[in-house]
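In order, the protein sequence lines correspond to chains A and B.
Every letter in the first sequence is one number past the one before it in the working numbering, and letter 229, counting from 1, is 229.
Every letter in the second sequence is one number past the one before it in the working numbering, and letter 250, counting from 1, is 250.
What the hints contain is simulated information worked out from the structure, not anything from laboratory work.
Incorrect hints may have been included.
Now the stretches of chain A that chain B is said to cover, found in silico as 3 or more residues with beta-carbon under 8 Å [stated by the list, open to error]:
#	region
1	125–134
2	201–213
3	238–252
If you're wondering where the values come from, they're calculated on a predicted model, not measured in any experiment.
We treat Cβ as the ideally placed atom computed from N, Cα and C, and that holds for glycine.
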Amino acid sequence: MTGRERFLAACRREPVDATPVWFMRQAGGAIPRYLEIRRAHEIAVIARTPELNAEVSLLPVDAYGVDAAVMFADILLPAAAMGVEMRLDPEIGPIIERPIRTPADVDRLHPIDAGTDLRFILEAIGIVDRTLGGRAAVIGIVGAPFTLACYLIEGRPSRDFHLARGFMFAEPAAFERLLARLAEAVAEFAVAQVAAGAGAIQMFDSWVGGLAPSDYDGRVARHSARVLGAVQDAPTIHFGTGTGALLERLATAGGDVIGLDHRISLADAWARLGPDRAVQGNLDPARLLGGRRAVLDGADEVLAEAAGRPGHVFNLGHAAPPGTDPALLAELARHVHDATRRPLPAAPPGDAGVALVGGPR
Amino acid sequence: MTEVLRAERFLRACRREPTDVTPVWFMRQAGRSLPEYREIRKRASLVQITRDAALCAEVTLQPVERLGVDAAILFADITTPLPGAGVAVEIVDGVGPVIADPIRTAAGAARIGPFDRDAVAGLLDAIRMIRATSPVPLIGFAGAPFTLASYLVEGRAARDAPTLRGLLHAEPALADDLLRRLTDLAIDYLTAQVEAGVQAVQLFDSWVGLLSPADYRRFVAPQMRRLFRAVAGLGVPAIHFGTDTAGLLPDQAAAGGDVIGLDWRIGLADGWSRAGEDRAVQGNLDPWLLLGPWDGVVRAARGILAEAAGRPGHVFNLGHGVLPATDPDHLRRLVDLVHDETDRRTRLDRAVAAGAPAR
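Next comes chain A alone, as it looks inside the complex (with noise of 0.2 Å):
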């Protein structure tokens, strides 16, 4: 199988000969031709440049042996479409100049044209998936319609959110209709990366699990699902951290693979949620600081819980941390490969044989 082929199987929960693996925040890192790339030109730059971003988007796929791109994008991408003004940096992430604090501040937001707003990051999906030529998937990313708001409200990074909950609850209506807003911007954001290549979508909805599972149902979960049920072309994996509570909420909401962190186990949220979702995760990125056999050791414990069940991308639990030795990613992935290959079954007879095309690796 290609990488393409084991990541979507696995996203379907079909059999793969070998478990897919992608690391969350792989596009940039510490990959040798990355930091050249970033000693010429500013983040934005490179974001917002379509050959920059694909080559950058790309380079993880050879560095790691990955069997997916992610696209290198901020989930803050359709929101600055929106008119929000922002500035990345480089110690603290990226700052709102004008966080949304007032009712009348979300009535600012505009609706987006995604094909003309955010082009080239359309244009870098369509080079990287040109260029992988079904060599492996390509991952569009959006954010939650929560996560965005909570960044937007904040303005900046934040332990937890304090200012965006007390929005949300000082200002329910406004609340609502900044989810709303920015759930239409995002999944015709998500929808168009399908039809630029992007084979998946993944939603960070990183911030969601600081919510009580009755304010996620009352006050979120739609959004959510507006966005997930507009794309229907390609699998959707959805994400969340700190979701331990929250775990058969998010899959109501939506979303074929189920992405974990590393704060629960992966066999007890597959149990919870159930047999016809696929999961993602989940390695303690943490463990990357402790060296190679701290790596493989939690690697191996995180597929022995996933027991070669169909429907097990691994990835970390979160992003890797800043610096992480790029030759330790790449034996991590070469290790997940090796650790879980397996035959095929025969296709049944009638079946076209899809996951045979491309042959064994």
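Take the given structure of chain A and dock chain B to it, following the hints.
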């Protein structure tokens, strides 16, 4: 009658015995949200308050009458025992505890010496003073070893505690030594508090939710088991509190605690079934709700009480500490709401409690 019930209900709920109404207290009920506390802070720092028995007792008791809560919690910081054990800590307004010289080596961990009772003499005196006057039980507390370690290794609150979590895997022996020392410290500190008179203890493991279940079992659970075994020997109920613990609750409950504290990120009924029906639970209203409209608080509080469903063994609390901007009148109304909604006394009992002649 009323006062007898009020004095009893928190400890009874910790033991999962029936109570007249569901008991209520709030994490961080003493302190920054009360104007009378902010008045004291104009002339004394947090550390000074914890070292001055009369001031500490006053601050601890401030919320008891004003809010009508069913328990007092000793006013202190989780880092309070550290200076006596040899680790300098500065409490910085707006930041929290800051360790100027973070612990990242074996030599650093060796700086953590044994508990020094004399270094917290003022606090222990405060406990005796509070016991002499408080109409409700007094809860003592300590920081759990992993949470204390996160401050010691990172130097201050750090969102993902990356240095500590990396250290677990890079230097497991050092991590074990550090956690063992902090556990010894917590055991001796809590023992001193109980001997001085606290009637229950809470372990705050606010940062433990960062861990994977496997790492919790490997690094934290053995120390927590040891800690809870020691506390059980002191004869007071123990509350085991953490945040973001949905994936860890069964392991936490297995490690110990008569009462499992839940944050707001999990439904109370779901959390209770994961912790086990043989435990009491405490929680779990989102503290941020108290900054919004009152009807949102009412709806959420009723939702939590519905999930508790009148089962013995629910202590009502917030899912984390009271926020500084919280209006104390909202807290008072919330206490009354919980008491009213859960009143299990008959009409006759209520009439007696109110002093009316029984008919």
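- [ ] Identify every previously stated hint that the structure contradicts and give their numbers, smallest first.
- [x] Structure breaks hint 1 only.
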